[in-house]
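Student: First to last, the sequence lines map onto chains U and E. Count the first sequence with this note's numbering and you get residues 28 to 354, in order. Count the second sequence with this note's numbering and you get residues 42 to 302, in order.
Treat the hints loosely; a few may be bogus.
[As the list claims (entries may be wrong)] Below are the SDA-like pairs computed for lysine to any residue, each with C-alpha atoms no more than 25 Å apart in a straight line:
no.	chain 1	residue 1	chain 2	residue 2
1	E	Lys224	E	Asp255
2	E	Lys224	E	Ile170
3	E	Lys55	E	Ser99
4	E	Lys55	U	Ile318
5	E	Lys55	E	Gly288
6	E	Lys224	E	Gly262
7	E	Lys55	U	Arg160
8	E	Lys56	U	Leu153
9	E	Lys55	U	Ala164
10	E	Lys55	U	Val156
11	E	Lys55	U	Ile157
12	E	Lys224	E	Met132
13	E	Lys224	E	Glu184
14	E	Lys56	U	Glu243
15	E	Lys55	E	Leu92
16	E	Lys55	U	Pro79
17	E	Lys55	U	Pro166
18	E	Lys56	E	Thr70
19	E	Lys55	U	Ala167
20	E	Lys56	U	Ile145
21	E	Lys224	E	Gly288
22	E	Lys224	E	Glu285
23	E	Lys224	E	Glu165
24	E	Lys55	U	Arg254
25	E	Lys56	U	Ala167
Because the hints were derived from the structure by calculation, they are not lab data.
Chain residues, written in single-letter form:
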Amino acid sequence: MLLIVAMFCGLAIGPTPISLSSIVSSLLSHCGIGHNALSPLDQTILWQIRAPRMVLGLLVGAMLAVAGGTYQGVFRNPLADPYLLGVAAGAGLGATIALVHDGGVVNPPAWTPLLAFIGAMTAVALTWVIGGRGAYATPATLILAGVAVAALLTSAQTFLQQQASAQSIARVYIWLLGSLATSSWSSVWGVLPYVVVCAGVCVGAGRALDVMSVGEDEARALGLPVRRVRAIVILASSLGTAAVVSVVGLIGFVGIIVPHIVRLVVGTSYRRILPLSVLVGASFVVFTDTIARTVLAPSELPLGVVTAIIGAPVFVVILSLRRGVTQ
Amino acid sequence: MSVIVEHLGLRLGKKTVIDDVSIDVASGTWCTIVGPNGAGKTSLLAAIAGLRRPHIGSVQIDGVAIESLNERARAQRVAFVPQSPVVPAGMNVADYIMLGRQSSHGLLRAPATFDRQIVEGVIERLDLIDLRTRDVATLSGGERQRVVLARALAQGTRTILLDEPTTGLDVRHQMDILELLRKEVDECELTVVATLHDLTQAGLFADHMVLLRDGQVRAAGAPADVVRSSALSESYGTTLHVVEVDGRDVVIAGRPVGADK
Chain U
28 MLLIVAMFCG LAIGPTPISL SSIVSSLLSH CGIGHNALSP LDQTILWQIR
78 APRMVLGLLV GAMLAVAGGT YQGVFRNPLA DPYLLGVAAG AGLGATIALV
128 HDGGVVNPPA WTPLLAFIGA MTAVALTWVI GGRGAYATPA TLILAGVAVA
178 ALLTSAQTFL QQQASAQSIA RVYIWLLGSL ATSSWSSVWG VLPYVVVCAG
228 VCVGAGRALD VMSVGEDEAR ALGLPVRRVR AIVILASSLG TAAVVSVVGL
278 IGFVGIIVPH IVRLVVGTSY RRILPLSVLV GASFVVFTDT IARTVLAPSE
328 LPLGVVTAII GAPVFVVILS LRRGVTQ
Chain E
42 MSVIVEHLGL RLGKKTVIDD VSIDVASGTW CTIVGPNGAG KTSLLAAIAG
92 LRRPHIGSVQ IDGVAIESLN ERARAQRVAF VPQSPVVPAG MNVADYIMLG
142 RQSSHGLLRA PATFDRQIVE GVIERLDLID LRTRDVATLS GGERQRVVLA
192 RALAQGTRTI LLDEPTTGLD VRHQMDILEL LRKEVDECEL TVVATLHDLT
242 QAGLFADHMV LLRDGQVRAA GAPADVVRSS ALSESYGTTL HVVEVDGRDV
292 VIAGRPVGAD K
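Pulled out of the complex, with its shape left as it was, chain U reads as follows:
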């Protein structure tokens, strides 16, 4: 329900208002039913600007939320978010390299996502090599390695940014805050397979994460191949996160707050938290993006700012309501 409302809000609201009924009729006419009520201009706005942006928002929200929930489960740590193992720092460095090294063109270079993606995956691989292998590897060593790798890459990124021109700095800054403004169908198709596969793996891992809530030794004694599950799940959530982050930048807060909101409502079982995080995360990002691009139109608020401004109070309200229930 929430998802459908969010989708239509994302399509209908904007500088050029388009009514719900005409969206439906246009949608139906694309399926060969009825007559299209929209003018050609409105059609272009709807299908070439808003629709891809809305779909990309769904994918980004779903992936970040489910990856955050998965990280929280696999590390048994409520503070875990999708950027825990250095994805954000790596993507930031990759994107900065791309944005800084292209002498003064206004549009960001087309290979920014590619470099961001490579940076993100390199960071996670580095974290894994340092903290995830060998006889003494535990989730704790992996987290610490992630902290170290993130610190290193962030300092490298900051250094590069300092050396760059003012124009490049501004672009890097905008990229780091995250935005869906550059969405197109091609970015949707680029991200879609990663999100489908990776979010699918994460959701499928719900049962395993529930078993892992009793700790590594006990989970192994119960018959769970803990190390293999952990590796697969971390790979899936990191890969999916890297894919969406490389396209839309560092959108914060969704990955940590959405799983917690879902958990407060439906309890602690990851079999429920993860599929619902997909839906709530997708709706949440489309809603917040709609707000981000309309409140100060024609300029846009950074999406990461809006997710925090809206998400934090919602979280606080749910937390206090739940506390009232349990006491």
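Following the hints, put chain E in place on chain U, whose structure we already have.
Tutor: Quick look at chain E alone, frame taken from chain U:
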């Protein structure tokens, strides 16, 4: 021949914690491992459970080398109850016990009717019906221990390993847990390997006793013999007296060697 440990050696880092240990536990019997703190009791159990890889020697359960099995196959043969189980937040008792069926239904499939029946059976046998919807985190120590035991029994294995199952329980609940286990051994042919600190209880419930110190077996045999052996007092570094009450051996500690006078 249910649990056979042969010349087992285990190192943690550079420290040898188990040194050439051989134990033979017949099927449908109870073996208690005793010994002072740091003797290697927990490490030995973990090695038998396949959770720690020995550098030498072997563990066989029902004739199968535990090392050759993957996690799932291992969990179908042996259940393990750690000394202080991790209590997950927000999980109810029935779901927690259902975790024991993990190795049976697998990761990608939901528990079947068959799994539910087993869990229900265990809940009834261990008198947990009133607790089934309670959050595991809110249980008292005695209730929690019973629930953890239920999870292990739900695994449906013929062998169960318990590390200090009576830790933190009052006398009554300690006896309850041990009686429950003894009943499973007698009625369901369960094989139990447990570590215990209380030497009187250890002798009371076990068929076989193994004394461990510094990772080595210092005495093994019938409990009545092991509690009377000089190795026992030596291993603990304190004088131990055995008195008989109603035909049962009661072990009483004297003051540490050298402390009196």
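Student: Next step is simple, just say for each hint if it's right about the structure.
Tutor: Outcome of the hint check:
no.: 1; hint: E:Lys224 - E:Asp255; in the structure: 32 Å, violated
no.: 2; hint: E:Lys224 - E:Ile170; in the structure: 19 Å, holds
no.: 3; hint: E:Lys55 - E:Ser99; in the structure: 20 Å, holds
no.: 4; hint: E:Lys55 - U:Ile318; in the structure: 60 Å, violated
no.: 5; hint: E:Lys55 - E:Gly288; in the structure: 46 Å, violated
no.: 6; hint: E:Lys224 - E:Gly262; in the structure: 22 Å, holds
no.: 7; hint: E:Lys55 - U:Arg160; in the structure: 19 Å, holds
no.: 8; hint: E:Lys56 - U:Leu153; in the structure: 31 Å, violated
no.: 9; hint: E:Lys55 - U:Ala164; in the structure: 17 Å, holds
no.: 10; hint: E:Lys55 - U:Val156; in the structure: 24 Å, holds
no.: 11; hint: E:Lys55 - U:Ile157; in the structure: 22 Å, holds
no.: 12; hint: E:Lys224 - E:Met132; in the structure: 28 Å, violated
no.: 13; hint: E:Lys224 - E:Glu184; in the structure: 18 Å, holds
no.: 14; hint: E:Lys56 - U:Glu243; in the structure: 23 Å, holds
no.: 15; hint: E:Lys55 - E:Leu92; in the structure: 18 Å, holds
no.: 16; hint: E:Lys55 - U:Pro79; in the structure: 59 Å, violated
no.: 17; hint: E:Lys55 - U:Pro166; in the structure: 23 Å, holds
no.: 18; hint: E:Lys56 - E:Thr70; in the structure: 32 Å, violated
no.: 19; hint: E:Lys55 - U:Ala167; in the structure: 22 Å, holds
no.: 20; hint: E:Lys56 - U:Ile145; in the structure: 42 Å, violated
no.: 21; hint: E:Lys224 - E:Gly288; in the structure: 21 Å, holds
no.: 22; hint: E:Lys224 - E:Glu285; in the structure: 24 Å, holds
no.: 23; hint: E:Lys224 - E:Glu165; in the structure: 14 Å, holds
no.: 24; hint: E:Lys55 - U:Arg254; in the structure: 23 Å, holds
no.: 25; hint: E:Lys56 - U:Ala167; in the structure: 23 Å, holds
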